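*Asks:* Start from the sequences and build out the full structure, keeping to the hints where you can.
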Amino acid sequence: MTQRAVTVVGGGIGGLAAAVALHRRGWRVEVLERAGDFTELGAGISLWPNALRALEVLGLAGAVRALGAVEATGGVRDRRGRWLSRTDNAELARRFGHPLVVLHRADLLRVLREALPADGLRSGSEVSTIRDEGNRSVVVHRGGESRPDLVVGADGLHSAVRRALWPDAAGPRYAGYTAWRMVTEPLAEPPREGAATWGRGARFGYTALPGGRMYCFATATLPAGAASTSSEYAELLGRFGSWPDPIPALLAAVPAGAVLRHDLYDLPPLPSFVRGRVALMGDAAHAMTPNLGQGACQALEDAVTLAHCLDTTPDVAAALRSYDLLRRPRTQAVTRRSARLGTVGQLSWPPAVLLRDTAARLTPTRATLRSMTPVLGWTAPGDPVTETENESH
Numbered sequence: 004m005t006q007r008a009v010t011v012v013g014g015g016i017g018g019l020a021a022a023v024a025l026h027r028r029g030w031r032v033e034v035l036e037r038a039g040d041f042t043e044l045g046a047g048i049s050l051w052p053n054a055l056r057a058l059e060v061l062g063l064a065g066a067v068r069a070l071g072a073v074e075a076t077g078g079v080r081d082r083r084g085r086w087l088s089r090t091d092n093a094e095l096a097r098r099f100g101h102p103l104v105v106l107h108r109a110d111l112l113r114v115l116r117e118a119l120p121a122d123g124l125r126s127g128s129e130v131s132t133i134r135d136e137g138n139r140s141v142v143v144h145r146g147g148e149s150r151p152d153l154v155v156g157a158d159g160l161h162s163a164v165r166r167a168l169w170p171d172a173a174g175p176r177y178a179g180y181t182a183w184r185m186v187t188e189p190l191a192e193p194p195r196e197g198a199a200t201w202g203r204g205a206r207f208g209y210t211a212l213p214g215g216r217m218y219c220f221a222t223a224t225l226p227a228g229a230a231s232t233s234s235e236y237a238e239l240l241g242r243f244g245s246w247p248d249p250i251p252a253l254l255a256a257v258p259a260g261a262v263l264r265h266d267l268y269d270l271p272p273l274p275s276f277v278r279g280r281v282a283l284m285g286d287a288a289h290a291m292t293p294n295l296g297q298g299a300c301q302a303l304e305d306a307v308t309l310a311h312c313l314d315t316t317p318d319v320a321a322a323l324r325s326y327d328l329l330r331r332p333r334t335q336a337v338t339r340r341s342a343r344l345g346t347v348g349q350l351s352w353p354p355a356v357l358l359r360d361t362a363a364r365l366t367p368t369r370a371t372l373r374s375m376t377p378v379l380g381w382t383a384p385g386d387p388v389t390e391t392e393n394e395s396h
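Position in the sequence shown (first residue = 1) + 3 = my numbering.
Keep in mind that the hints were calculated from the coordinates and are not lab data.
Any given hint could be a false lead.
[Claimed, not checked] Label pairs and their calculated CB-CB ranges: (1) T5 x S351: 57 to 63 Å; (2) L365 x G84: 57 to 63 Å; (3) L358 x A172: 33 to 39 Å; (4) A38 x G385: 30 to 36 Å; (5) D40 x T316: 32 to 38 Å; (6) A38 x L365: 46 to 52 Å; (7) E136 x A38: 26 to 32 Å.
Here the structure is a predicted model, which is why all the values come from computation and not from measurement.
Every residue, glycine too, gets a C-beta built ideally from N, C-alpha and C.
*Replies:* As structure tokens, then:
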């Protein structure tokens, strides 16, 4: 039987995960990355139980967990530092099979990249055109042309694949607030608990990374494209330097040049994630705000679901229709939920903030965990492709 070929456009977490899933099912994979190297700009990443379940299917959950940190507890605080809600990670693992694991995005990308044959990874390969030619698609890129059986568009928020084949689709929409991300230097006594602190039109969160470092993130309601007058680090100090402990100490441990800032967007719902032999996944299909920490998690789900559909249905176009039916309703629901949480978190009118904080304080922890079940209780289709001796279950 002739080996089937896939071209994955985009070498981020979702694209590499899709390539791994298909490679382990016998596909010949080619990953086209526009950048000059397969690197990941960013800081920390939260992998919730559903993401770890997807990584189990890829046979990589054990390797990823070994590189991450698991906090005992976390939660939400108000502007004065008082706890509004708390979550026990052990209870999270009991309910959903895995804890919340936090690691550096570059470490996750490296694990995925090392699970692929090096000769299939093509950096500096920006895609210019995609067209359909009967039973194959043609992908024109800087390195030439590819004629695979399947094209996976995993090229992010401003996807070239989406623009080419979904030209009438609405573009990304600004969420109304910007975000900063950063990682501290190793701390002698890092906080024992992670937290997101809610203010008025602003939030600051932190969670543990291995080696005594902390991953920190902050948001503020600002117009799209707003720029700091001095530096992003100075902007953070001005906005959050007087917030409750340990936030000032965490900011003091952040290298001044290591602050990343991005305006936050999500994607209006597409009528379909597939077009012929082309499938969109990850941010290219359903970019969402980071309020639920589900962007990469949903991309990992996409990857294993896509591979499962192609494994069980020989006809590519039919398999992609199954993928669309499985993934589009779920990811669009998660996108909406994340947007709603962001709206609540960014409230600035004092009476609304008081009502929000009071409601959070009065909501039982078990109710909060129960409300997370539709997102975290996802079950991977099919059986794991690869199991390793050290795989955690």
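*Asks:* Run every hint past the structure and note whether it holds.
*Replies:* Hint by hint, here is what the structure shows:
Distance hint check: the CB atoms of T5 and S351 are about 59 Å apart, consistent with the given range 57 to 63 Å. Restraint check, L365 to G84: a C-beta distance of roughly 19 Å breaks the suggested window 57 to 63 Å. Against the hinted window of 33 to 39 Å, the Cβ-Cβ separation of L358 and A172 comes to about 36 Å, which satisfies the hint. In this structure the hint that A38 and G385 lie 30 to 36 Å apart at CB holds, the actual value being about 32 Å.
The beta-carbon spacing between D40 and T316, approximately 35 Å, falls within the hinted interval of 32 to 38 Å. Distance hint check: the CB atoms of A38 and L365 are about 47 Å apart, consistent with the given range 46 to 52 Å. Checked against the given bound of 26 to 32 Å, the beta carbons of E136 and A38, roughly 28 Å apart, stay inside it.
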